[in-house]
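K.L.:
Listed below are the residues making up each chain.
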Amino acid sequence: MHAFKYHRPSSVNDAAALAKGEAKLLAGGQTLVQTMKLRLASPSDIIDLGTIKDLAGIKSDGKTVTIGAMTRHADVAHSADVKKAIPALAALAGMIGDRQVRAMGTCGGSIANNDPAADYPAAAMALNATITTNKGKYEAEKFFKGMFTTALGAGEIITSISFQVPKRAAYTKFKNPASRFAIVGVFVADFGGSVRVAVTGAGPSVFRQADMEKALSAKFAPESVANIKVKQDGLNSDMHASAEYRAHLVTVMAKRAVEAALK
Amino acid sequence: MGAPLIGARVERKEDYRFLTGAGQYTDDVDLPRQCYAAFVRSPHAHAVIKKINSAKARKSAGFVAIYTGEDFAAAKLGGLPCGWLITDVNGQPMKEPPHPCLAQGKVRYVGDQVAIVVAETIDQARDAAELVEVDYEVLTAVVDGSKATAKGAPQLHEAAPNNTCYVWAIGDKAAADAAFAKAAHVTKLDLINNRLVPNAMEPRVAIGSYSRADDSYTLYVASQNPHVERLLMTAFVMGLPEHKVRVVAGDVGGGFGSKIYLYAEDVAVTWTSKQINRPVKWTSDRSEAFLTDAHGRDHHTVAELAMDKDGHFLGMRVKTTANVGAYLSTFASCVPTILYATLLAGQYKTPVIHCEVTAVFTNTTPVDAYRGAGRPEATYVVERLVETAAREMKIDPAEIRRRNFITAFPYQTPVALMYDIGDYNATMDAAQKLGDVAGYPARKKASEAKGKLRGLGYAAYIEACGIAPSAVAGALGARAGLFEAGEVRVHPTGSVTVFTGSHSHGQGHETTFAQVVADRLGMPIENVDIVHGDTSKVLFGMGTYGSRSIAVGGTAIVKALDKVIAKGKKIAAHLMEAAESDVVFENGAYTVAGTDKKKMFGEVAFAAYVPHNYPHDKLEPGLNENAFYDPSNFTFPAGTYVCEVEVDPETGVVKIEKFTAVDDFGNIINPMIVEGQVHGGLTQGIGQALTEGCQYDASGQLTTGSFMDYCIPRATDVPFYQVDTRVTACTHNPLGVKGCGEAGAIGAPAALMNAITDALGVKDMPMPASPQTVWRTLKNKKAA
Amino acid sequence: MAVKVSLKVNGKSVSAEVEERTLLVTVIREHLRLTGTHVGCDTAQCGACTVSMNGKAVKSCSMLAMQAEGADVMTIEGVAKPDGTLHPMQAAFKEHHGLQCGFCTPGMVMNAIDFAKSHPNPSESEIREALEGNLCRCTGYHNIVKAIGAGAKAMAAGK
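Residue numbers (our numbering), protein chains in the order written: chain A, 1 to 263; chain B, 1 to 784; chain C, 1 to 159.
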């Protein structure tokens, strides 16, 4: 790891003031610290958000579930409120990495990093989430811009993410055999006639699948998506999964997500 | 005395320290004034080094020293030697191009060592290494073994034209051709045995420490065979006398072959410690381990089996290209020859076999022995052929094996080995029963009802372990003996320290060997300690690999015990005023037949060290014996594995539903430990077949360079195993033991791939059977 | 630049002067010389570095030492009773031969203890799932899974 200067601000404003140039925000660190260890990232400054009060926590009001940016994956997975309101979201949090990683990794960190194979972006997109920062609010649709790219500007820090509570939902994940990140993850959310389908892992960034949404909005059943062929153009391709295989898996995972949501 | 310890499930003596964090692995060693090494490694697979500029590195914080290949050449440090000379089909010695510790003018794989940089802390060493500027002229690389000898392929070594190390053959080609000419059926397969990265959980570590006081060196290193490491390093590389070098391999966190070899880093830290007069520590990180630990397998084979109309095997022809990587690692040359082609008879009385092996250099990490070493490759060839032959001839796969099993022993194979004993029908019977093969059709139906594909596959493997009779090994090209040494030191109050040249890096020798010793001497196991891994304590040792420890190392201890007991008998006879021939030793006591005279072993030991009443005219005082044991033959563990899989045709995911292993390891000292070895071996074999595949891109970059892309099995990837044993005792060692460390890794890949190809209804498919590969195989089958 | 980190390790308050880029595992191994915590990879997968931080199993190679400021950390050295009696989970690993080379073992035990607190009678699949972040190359997991099942029950029984 290259040398850097470490900061432990006590407020979001202090953190934002420090976040400039080659500085990086440290949320859970489960991605960033690895990248730094491998000397693939060399920030000048590390701004540790770990001790800022009020960035962690879960609120549920029946219509939305709001998760503080520094809430650990394990806390979301085990939250009675989340399990009651959006069990699929709790389940998704429980599928990230492994239990040690879930004890440290955070919702805000995952959303801000926008790894193409991360799980949370699928939930944010399918559950029509609002991402709140120290500077404003974003609809998920307008937040995820591309591979590792978001709408966040310099000095902008996510404070919370509000997920809309669907009638029913499910997330199915086809894991990379080695890394256990998503090769394809599909989040299906039924808001009572209006269905959103978000796909992670398959493309450079999370995306919605319009054909499936249309078919499922008409009839929320596995057979509605079972024969929808996803185009492979623009999908990711690597040694573990070609674009063709990923396209195929999107359909299979979507079908299984619908099955799971109906259970 | 209590129940016999041999054969008992004794909990391990070493566990307490491992469970409480008190183990002492090499990275836990912390020497005064120690500094840290980082290596500048080639980022290119093939390049000429034009210039190395270390000016910036020298100015970085904490910098201590840098040495390059030029410094090593000036110091006349030799290259890393290969321990086995293969003679090619024309009677010529294999090509052995130089293998410098630090590159001399040219780099030949990504990760090749270019310079050693030493600094006060590990981070500073890495910072400085990063600042070393190396000007490379990049050359075209060749990474695929089957393309290495193609016309126009990039050439790695001047001393190895056409990138060829050797072309070697065994067996009677004309007789094999004749057998094929009269065959009723021939089964042919084109097989890739995928390259693997060993990935012991403890990365390699080496700490060199020089002492000016007596001009000696100590090397602390994660090694499976410290004496061999010392011999190679002193005699062949550094030109030092052995008594000036001590090698210590304390607790070692797994090896699987990868820690047998003398590596460049070991030499570099040892030599550098003298230059700067400070201990130098190097700890590999996992990324370096992927690049530089010797890899395993990487064969491309075309194999054919000839049969009569009833499925009796008439002959086998095999042609293999073995990719040995950029340089010859310590035992690289014998793996695809002596440890491979000699096993092609398997459990079968195939009368003629011919095998030709071409070993080639490529711009990849050197390849050497990895758990099983040659024998998994051989088993894969034989058992994939046999299963495929059964399918093609519509004979039950178990039945075709039974028709061809060797049933009379000793049995001379057509590929050099002489099997002393075995009962292959017994392990097959037991495996079929334990695996409930009779219930398989019903399970297959149930899978089909769920839309899943189910398959069943066998592998009836054999291995040659207990390497090796030194005379035989020498005749085949070994440049070292393959005996083992043991010493039994009885202390005055009767407790015992045993020194063994075998090395434990997970195998539990401290328990297994202590069981043997305590049993023979009739004492509690707590009174016996096993010491290994330090050349200054252990008299000599060839180390642990090839499932040799109990058969060779254990026998050396038994031979030393025999001497201790015999000497004790003389002392006891004197003490009891009896004729030596009337004294018997049993349950820890010397007695005189027909009398109540009795001396406990401890009393005899005490007399040996406090020899007031002692036969001084006939015996020296003391009770300390050693023995060197050179086996008269290999041992031949064998068994049958049955694997049942369920495949999800939509995703290509393979789930192992049942895995049954019935092995014949001869007599068993500790069944708990043996089962653990089988579980671990099976999992590595399953890893090869299902999840692990080392890949390079065309330019020679390792694309599976971390656990993010290279998948060693996790707990969710494997089932509970059903394991059992059948016993035919080895005929030529006193314990009747054969060895158990590698069996699982040898038999599992073939059993699993036989099951998967059965489920998919295809003749063959590549390993690893990743979800994508399975899905694509099914898709291609549908399209065809 | 050197900074000071203070935390509690195995019940004792400790502090160390470290470079800012120092990992928690480095403080544990190099500064405190508690070498039972191991490093087996550099991508947060193997879990050999697992310790308990504020009661939760975390990977000490995946966090900066500074992130552990003020934390209550337990390493494998702090698990057995002061008189040396093994914790029920350690004892279960010994009884069920859940370790071979011992390198992954401390991380396995630290994770297993945390897991067992919320799973007093875990199923095979729950245990295997809980081991997603711990790699072992020796045992094939067979005996580790058995050991954790038995250890969890023993912990629940207050042994």
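If you are wondering where the hints come from, they were derived from the structure by calculation, not from laboratory data. Cβ coordinates follow ideal geometry from the N, Cα and C atoms, glycine included. One or more of the hints may lead you astray.
[To be verified] Reference listing, derived: stretches of chain C covered by chain B, where coverage requires no fewer than 3 residues with Cβ under 8 Å from a Cβ of chain B:
| no. | stretch |
| --- | --- |
| 1 | 36-43 |
| 2 | 76-82 |
| 3 | 95-109 |
| 4 | 132-146 |
[Stated by the list, open to error] Simulated coverage check for chain A against chain B, where a stretch passes if three residues somewhere in it have a Cβ under 8 Å from a Cβ of chain B:
| no. | stretch |
| --- | --- |
| 5 | 22-33 |
| 6 | 41-52 |
K.L.:
Can you name, in rising order, the numbers of the hints this structure does not satisfy?
P.N.:
5 and 6
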